[in-house]
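As they're listed, the protein sequences go chains Z and R. Following numbering that gives the first Met the number 0, the residues of the first sequence are numbered contiguously, the last one being 573. Following numbering that gives the first Met the number 0, the residues of the second sequence are numbered contiguously, the last one being 100.
Quick caveat, the hints were computed from the structure, so don't treat them as lab data. Computed from a prediction, not measured in an experiment: that's the story for all the values here. Every residue, glycine too, gets a C-beta built ideally from N, C-alpha and C. Incorrect hints may have been included.
Said to hold, decoys possible - Partial chain Z-side listing against chain R, Cβ under 10 Å, derived: (1) Asp-98; (2) Thr-198; (3) Gly-201; (4) Leu-267; (5) Ser-284; (6) His-286; (7) Gln-292; (8) Pro-294; (9) Gly-334.
Unchecked claim - Listing some non-contacts, in silico: residues in chain Z with all C-beta distances to chain R over 12 Å: (10) Leu-38; (11) Cys-159; (12) Arg-285; (13) Glu-293; (14) Arg-542.
Stated by the list, open to error - For each label pair, taking beta carbons as the anchor points, the in silico distance ranges come out as: (15) His-67(R) / Gly-23(Z): 31 to 37 Å; (16) Asp-66(R) / Asp-561(Z): 55 to 61 Å; (17) His-42(R) / Ser-457(Z): 48 to 54 Å; (18) Ala-73(R) / Val-403(Z): 45 to 51 Å; (19) Ser-337(Z) / Glu-78(R): 30 to 36 Å; (20) Glu-78(R) / Gln-296(Z): 20 to 26 Å.
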Amino acid sequence: MKVLLAEDSASDRLILARLVSRLGHTVIEAEDGTEAVELFRETQPDLVLLDALMPRMDGMEAARQIKALAGERLVPLIFLTSLSGAGDLARCLEAGGDDFLVKPYNRVILEAKINAFNRMRALHQALSHQRDHIRRQNQQMLDEQRTARRVFDNIAHTGCLDAPNIRHHASPLSVFNGDVLFAAQRPGGGTLVFLGDFTGHGLPAAIGAMPVAEIFYGMAAKGFGAPDVLREINRKLRRILPIGMFCCGLMIEADFKHNSLRVWNGGLPDGWLLRAGGYRVAIPSRHLPLGVQEPDQFSASMTVLDAAPGDWLVMMTDGLPEAPNSAGESLGEEGVLSVLAGLKAGQEPFEALLARMQQHTGKPELADDLTLCCLQMVRAEAPEVMPDKIPESALTGPADWHCVYELREQTLADFNPLPLMLHICMEVPGLRSRSGEVYTLLSELYNNALEHGVLALSSEWKTSPGGFSRYYQERTRRLGNTDGHFIRFSLGHQPREGGGTLTVVCEDSGDGFDFTEYSDTVAHQQAASTGRYAGRGLEILRRMTRNLKVHGRGNRVEIVYDWWFPDAAITSGA
Amino acid sequence: MPIETHRSDDGKTLTICVEGRFDFSTHQSFRDAYEHSEPTVSHYVIDLSDTTYLDSSALGMLLLLRDHAGGDGARISIENCNSDVRRILSISNFEQLFSIR
């Protein structure tokens, strides 16, 4: 150990220096306070013995400067003094001394004190090293989290969370608290939203979130509906997560065209549908969380709700009702409900809940581990032409083909053929940018064939209040018996100068309908004005296609859809 | 001890009582409670009469016990929950996996 010894009396210094060096330490000698400070700076000693009374700079001042120079390093400083008044000794310690040694020096006490301070110094050093180590590790972890967050963003992106009808609060690092929030536009219009909350925190939760994001966005873009996406997420999580880890979640499929919602809640707090006039419908958890059950036991059965443009959907993770105030009390689901019940007409639930949270916690910033999302029902818009992100690959692919795809009996109940057929059509060069329109064509044809053809459901039911839910109940019941039924799609495509033509014939085994009124323009306008769904479905098809024909007994519908490359003029000119 | 266990006289039922907060801090002792149980045990009773709080990591621990006790064939009853605890179990629909009394 290096010991700095400052003592103006040469004889005292000599005695002490000899004592200390005999204990096995290196001694650096200074004659006064100024020299002591200089030598301290140069030699960085481990312990300082300082005479209290010295010329030029006294021990008190030297002690202050040395302590300032030492900074965070613990350099024990022992005053050497012949003073014995309690006040003088106290001043030594106030100036930054750690102890004092009263002259004349006693070898045994000196040794004991030096050893004691050496132990303290070693302990302090070990603690500082550990603290620095933890600080570095924490910094590194935060850096890694930021990087991981960027990787996660590339997979999860924000989807359509920034759409004008969606309000959400999610901390940038919420994925490391196990919260995930995804939203996607469905190819044929409508929105899919998933809010999830993984058990546990940190890396395990974030890793589990990655495949969920990929499944959600991948399947949503291909036109899969909420039940298929949920089944796939559950299957994947069940396989990859250790037992005991799972993901609570709430999935919403909003259909703006038919003003209906399909909801599924497994383990999250109640979601809410807020209708006009202060009318509220709870969306309680009816299922086990995702990743708990084997695929064959998992239930993706959705609850169907009627909604109207302007209605709000509210969903949250348990961080919101459970956030504590300064007294440790949480708002509770009752507190959330009272905010929703107190909403004034036109007031947004998102703003009201955030304001209530800030008032409750007394903090302007919300905690990391709560996520809140509100979705407003809007009027359906015409499907957008999506910008083609990969024009090169879109110019090569099959353009002249025909295929027939027939679904029979039980498969009609179990399988949704739309993603597969959309996929076939999307292989056509240039047609990919029309995926929304093509999906709408296929799904209108398919739903018409299935619901009104095979299942013979009457669209009249959907006109009565609450009838939509009854319609869907009956739909589920009738899907139990599809013996002898089929739906046959014949898809064909031919290239044309600057674009192509897609022809789809959809035939079903049902009894059809009296379509004569649809073949003449006047009658079709009447049908549209009565607002009947079947009329609306056919009207959508008629508007989007060059030609719509109904054949047979009304069980065979044919459409011809023309499309052009957006830059057709340039292509044909080259 | 926040966790106490006792075995029925015939050795077939193991009762695990959790006192206070049933959360991640009880993880190790909860596991110890059933992992070192005798092979004769065929029925587990989780007595939550003295449990004041239960969080999602406790739900995870219950799933681990269920897996240990044979998964779908496990016989586990959760008993004497207070209303808060009961609510958390039912939000997650654990009635489908455990017999909750």
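Evaluated hints:
For Asp-98(Z), the interface hint is violated, the least distance from its beta-carbon to any beta-carbon of chain R being 42 Å, above 10 Å. The interface hint given for Thr-198(Z) is met, as the beta carbon of that residue sits about 5 Å from the closest beta carbon of chain R, less than 10 Å. Contact between Gly-201(Z) and chain R, as hinted, is not supported at the beta carbon level, the nearest pair being about 12 Å apart and thus beyond 10 Å. Interface restraint check: Leu-267(Z) against chain R, minimum CB-CB distance 8 Å, threshold 10 Å, status holds.
Annotation: interface hint on Ser-284(Z) holds; nearest CB of chain R at approximately 5 Å, less than 10 Å. Checking His-286(Z) against chain R by beta carbon gives a least distance of about 6 Å; that is within 10 Å, so the hint holds. Contact between Gln-292(Z) and chain R, as hinted, is supported at the beta carbon level, the nearest pair being about 8 Å apart and thus within 10 Å. A hinted interface residue such as Pro-294(Z) counts as satisfied when its beta carbon comes closer than 10 Å to some beta carbon of chain R; here the least separation is about 13 Å, so the hint is violated.
The restraint placing Gly-334(Z) at the interface with chain R is violated, with a minimum CB-CB distance near 14 Å, outside the 10 Å limit. With 12 Å as the threshold on Cβ separation, the claim that Leu-38(Z) sits away from chain R holds: the shortest Cβ distance comes to roughly 53 Å. Every C-beta of chain R lies more than 12 Å from that of Cys-159(Z), the closest at about 28 Å, which supports listing it as non-interface. Separation of Arg-285(Z) from chain R is inadequate, the least Cβ-Cβ distance of about 7 Å not exceeding the 12 Å criterion.
Once the 12 Å rule is applied to beta carbons, Glu-293(Z) is inconsistent with being away from chain R; the minimum gap is 8 Å. With a least beta-carbon separation of about 44 Å from chain R, Arg-542(Z) lies farther than 12 Å from that chain, consistent with its non-interface assignment. Judged by the Cβ atoms, the range 31 to 37 Å given for His-67(R) and Gly-23(Z) is violated: they are separated by roughly 60 Å. A beta carbon spacing of about 57 Å between Asp-66(R) and Asp-561(Z) agrees with the range 55 to 61 Å that was offered as a hint.
Checking the proposed 48 to 54 Å range against His-42(R) and Ser-457(Z) shows it holds: the Cβ atoms sit about 52 Å from each other. At about 49 Å, the CB distance of Ala-73(R) to Val-403(Z) agrees with the hint of 45 to 51 Å. The given range of 30 to 36 Å is respected by Ser-337(Z) and Glu-78(R), whose C-beta atoms sit roughly 33 Å from each other. For Glu-78(R) paired with Gln-296(Z), a C-beta distance near 24 Å keeps the hint of 20 to 26 Å intact.
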